[in-house]
Amino acid sequence: MVRLIEMTGSLVTRFLRYQGEIAQLMLETLKAFFLGKVRWQLVGQQIVAIGFGSQLVVIVTGAFTGAVFAAQSYFKFSEFGMESAVGAVVSISMCRELGPVLTGLMVAGRVGASMAAEIGTMKVTEQIDALRAMGVHPIDYLVIPRTIAIMVSMPLLVAEAIGFGMVASHIIVVYGFKVPGAWYLNHVIEHTALIDISIGMIKGFVFSIVIVMIACHEGLTANNGAVGVGKGTTAAVVVSSLVLLIFNFFLSLILNYMSPLGSS
Amino acid sequence: MSDKNSNHSDGQSRREAGPCGDAAGTKNFFKVLNLRKSIGEQKILRGVDLNIRRGETMVVIGRSGEGKSVFLKHLIGLMKPDSGSIVVEGKEVVGLKERQLRAVRHKVGILFQDGALFDSMTVAENVAFPLMEAGVKDRTVLLERVGQALDKVELAAHMAKMPINISGGMRKRVALARAIIAEPQCILYDEPTSGLDPVVSESIDRLIRRMQKELCVTSLVVTHDMDSVFRIADRVAYLREGKIYFLGTPQELRNSKDRFVRSFVEGRQIEDED
Ligand SMILES: Nc1ncnc2c1ncn2[C@@H]1O[C@H](COP(=O)(O)OP(=O)(O)OP(=O)(O)O)[C@@H](O)[C@H]1O
Ligand SMILES: [Mg+2]
Numbered sequence: 000m001v002r003l004i005e006m007t008g009s010l011v012t013r014f015l016r017y018q019g020e021i022a023q024l025m026l027e028t029l030k031a032f033f034l035g036k037v038r039w040q041l042v043g044q045q046i047v048a049i050g051f052g053s054q055l056v057v058i059v060t061g062a063f064t065g066a067v068f069a070a071q072s073y074f075k076f077s078e079f080g081m082e083s084a085v086g087a088v089v090s091i092s093m094c095r096e097l098g099p100v101l102t103g104l105m106v107a108g109r110v111g112a113s114m115a116a117e118i119g120t121m122k123v124t125e126q127i128d129a130l131r132a133m134g135v136h137p138i139d140y141l142v143i144p145r146t147i148a149i150m151v152s153m154p155l156l157v158a159e160a161i162g163f164g165m166v167a168s169h170i171i172v173v174y175g176f177k178v179p180g181a182w183y184l185n186h187v188i189e190h191t192a193l194i195d196i197s198i199g200m201i202k203g204f205v206f207s208i209v210i211v212m213i214a215c216h217e218g219l220t221a222n223n224g225a226v227g228v229g230k231g232t233t234a235a236v237v238v239s240s241l242v243l244l245i246f247n248f249f250l251s252l253i254l255n256y257m258s259p260l261g262s263s
Numbered sequence: 000m001s002d003k004n005s006n007h008s009d010g011q012s013r014r015e016a017g018p019c020g021d022a023a024g025t026k027n028f029f030k031v032l033n034l035r036k037s038i039g040e041q042k043i044l045r046g047v048d049l050n051i052r053r054g055e056t057m058v059v060i061g062r063s064g065e066g067k068s069v070f071l072k073h074l075i076g077l078m079k080p081d082s083g084s085i086v087v088e089g090k091e092v093v094g095l096k097e098r099q100l101r102a103v104r105h106k107v108g109i110l111f112q113d114g115a116l117f118d119s120m121t122v123a124e125n126v127a128f129p130l131m132e133a134g135v136k137d138r139t140v141l142l143e144r145v146g147q148a149l150d151k152v153e154l155a156a157h158m159a160k161m162p163i164n165i166s167g168g169m170r171k172r173v174a175l176a177r178a179i180i181a182e183p184q185c186i187l188y189d190e191p192t193s194g195l196d197p198v199v200s201e202s203i204d205r206l207i208r209r210m211q212k213e214l215c216v217t218s219l220v221v222t223h224d225m226d227s228v229f230r231i232a233d234r235v236a237y238l239r240e241g242k243i244y245f246l247g248t249p250q251e252l253r254n255s256k257d258r259f260v261r262s263f264v265e266g267r268q269i270e271d272e273d
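Protein sequences, first through last, are from chains A and B.
When the letters of the first sequence are read in order and numbered with numbering that gives the first Met the number 0, they come out as residues 0 to 263.
When the letters of the second sequence are read in order and numbered with numbering that gives the first Met the number 0, they come out as residues 0 to 273.
The set of hints was computed from the structure by calculation and includes no laboratory data.
Fair warning: there could be bad hints in the mix.
Mimicking DSSO-like on lysine-lysine, the simulated pairs with C-alpha atoms at most 30 Å apart in a straight line are [what the hints assert, rightly or not]:
{"id": "1", "chain 1": "B", "residue 1": "K136", "chain 2": "A", "residue 2": "K30"}
{"id": "2", "chain 1": "A", "residue 1": "K36", "chain 2": "B", "residue 2": "K90"}
{"id": "3", "chain 1": "A", "residue 1": "K230", "chain 2": "B", "residue 2": "K42"}
{"id": "4", "chain 1": "A", "residue 1": "K30", "chain 2": "B", "residue 2": "K106"}
{"id": "5", "chain 1": "B", "residue 1": "K96", "chain 2": "A", "residue 2": "K30"}
{"id": "6", "chain 1": "B", "residue 1": "K26", "chain 2": "A", "residue 2": "K30"}
{"id": "7", "chain 1": "A", "residue 1": "K30", "chain 2": "B", "residue 2": "K79"}
{"id": "8", "chain 1": "B", "residue 1": "K79", "chain 2": "A", "residue 2": "K36"}
{"id": "9", "chain 1": "B", "residue 1": "K79", "chain 2": "A", "residue 2": "K230"}
{"id": "10", "chain 1": "B", "residue 1": "K96", "chain 2": "B", "residue 2": "K26"}
{"id": "11", "chain 1": "A", "residue 1": "K36", "chain 2": "B", "residue 2": "K106"}
{"id": "12", "chain 1": "B", "residue 1": "K96", "chain 2": "A", "residue 2": "K36"}
{"id": "13", "chain 1": "B", "residue 1": "K42", "chain 2": "A", "residue 2": "K36"}
Pairwise CB distance ranges, derived in the manner of DEER restraints [claimed, not checked]:
{"id": "14", "chain 1": "B", "residue 1": "R98", "chain 2": "A", "residue 2": "V11", "range": "29 to 35 Å"}
{"id": "15", "chain 1": "B", "residue 1": "D48", "chain 2": "A", "residue 2": "G229", "range": "37 to 43 Å"}
{"id": "16", "chain 1": "B", "residue 1": "Q268", "chain 2": "A", "residue 2": "V37", "range": "54 to 60 Å"}
Note that the Cβ used here is the ideal one computed from N, Cα and C, for glycine as well.
Isolated chain A, as found in the complex:
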């Protein structure tokens, strides 16, 4: 019993410390953004790596999620003769939930992991010390470019996933199940407002901060050689995915409160 309390205690302190470290990293990044010089060339490279490099992943995720969701909704809804509702359901859930969350998880896996591994390797091979020795702040050189790049890329990737999801669902429902195209499209447009896509993109933006901060933190605090880098990489993906899902829940509540479904 005492051990149990001790264990929970140490878990809680570790959790709090972790939060503190992430908060500190965010603060330092913010400070560095205004104090240090932004290396736009590195930002560009990172945008290519993050944005362009994630194309395939995001397109496949978006398209197939949209397709399967449309198909399942159609099966169920057509039992009640409510085929017309499929478009609305698919579009709302793609925009508000599936698009941002799945894109976030995929980017956490792809980009977060590679960031943590790259920065972690630099840490354990003294490359970060070498940067510091040359008067270059690691936050300026490593964290800032990645942060700007992912904050720019993520909302666009989310929008892209939503777009491909919508197109795929259209193809499935209209060409696969022979629902009249104009009719379906009309329903989609009627029930989707700009705010729905914006909500997806806002979520994408928030998730991008979660991913980059956790990944950079894991990288910068890596030690114990290759094993440590491996652990850090895994932790970056697992922690940022979990945090992302939890944040998503609360974001949904907040954003729905500010802009309730169907208010538009």
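Model the placement of chain B with the ligands on the given structure of chain A, informed by the hints.
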């Protein structure tokens, strides 16, 4: 190199004859006082006192794992001491924040023991890095300076390679080129000749000497290579059990009667341990 075996006033006169004489200001480049550092349970530095004069070549020797690299990292604030003081050119650096250390770090170049080359960049980009950070943008200037620096370490032919694709000794020399390219006032070398063949080792030693003579560079060299010590050192510090156990000229080192010093210089175990 007829002067290398003469006594210690020689190092003095060489310094005064060079361009270093007119460098005004404090006499010591580094002033380290009672520096202590523990990592975990292990006490690594236990009160290091050492002054390094402007323009001299100080060699630090000591057994493996004694804390020489740790000491070097403290000098430019890469590691924070538990207590003690480090004054660089009259400015206390202990307690400075990362961004405040910039000025000091721009004066000092460092060669890490394992090179610490950026593995995402080519050899040339690595060597050019300090210059580019210093604001040199002109590509022809960069290329010329990088070429010169790599020439000094005999690697001009390998510019376009990635660090992962060159040998360990070459990596070390690239790191050396990176450490000297911006012509800092002081260079810290962590085992510049370990892992190199005797011919290259000698030429690196000559390079260190030349940097000191021509540019009046203050050098701190960590090495295990006793030949090298006698070739380059103005003074030698022997780090033992976390303190400077011996400090003197190479001649004094050679003539020392102390059994620990003797055993290190001659490279044998102490026989009658009591
Ligand atoms: N990051 C670290 N974490 C824990 N211990 C460390 C760390 N860095 C160094 N040490 C310890 O400090 C001691 C001194 O290490 P250091 O690298 O300075 O030795 P050294 O004198 O440079 O040896 P060598 O000549 O082999 O390079 C070692 O015992 C090492 O285990
Ligand atoms: Mg060492």
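Against which earlier hints does the structure fall short, listed by number upward?
6 and 13
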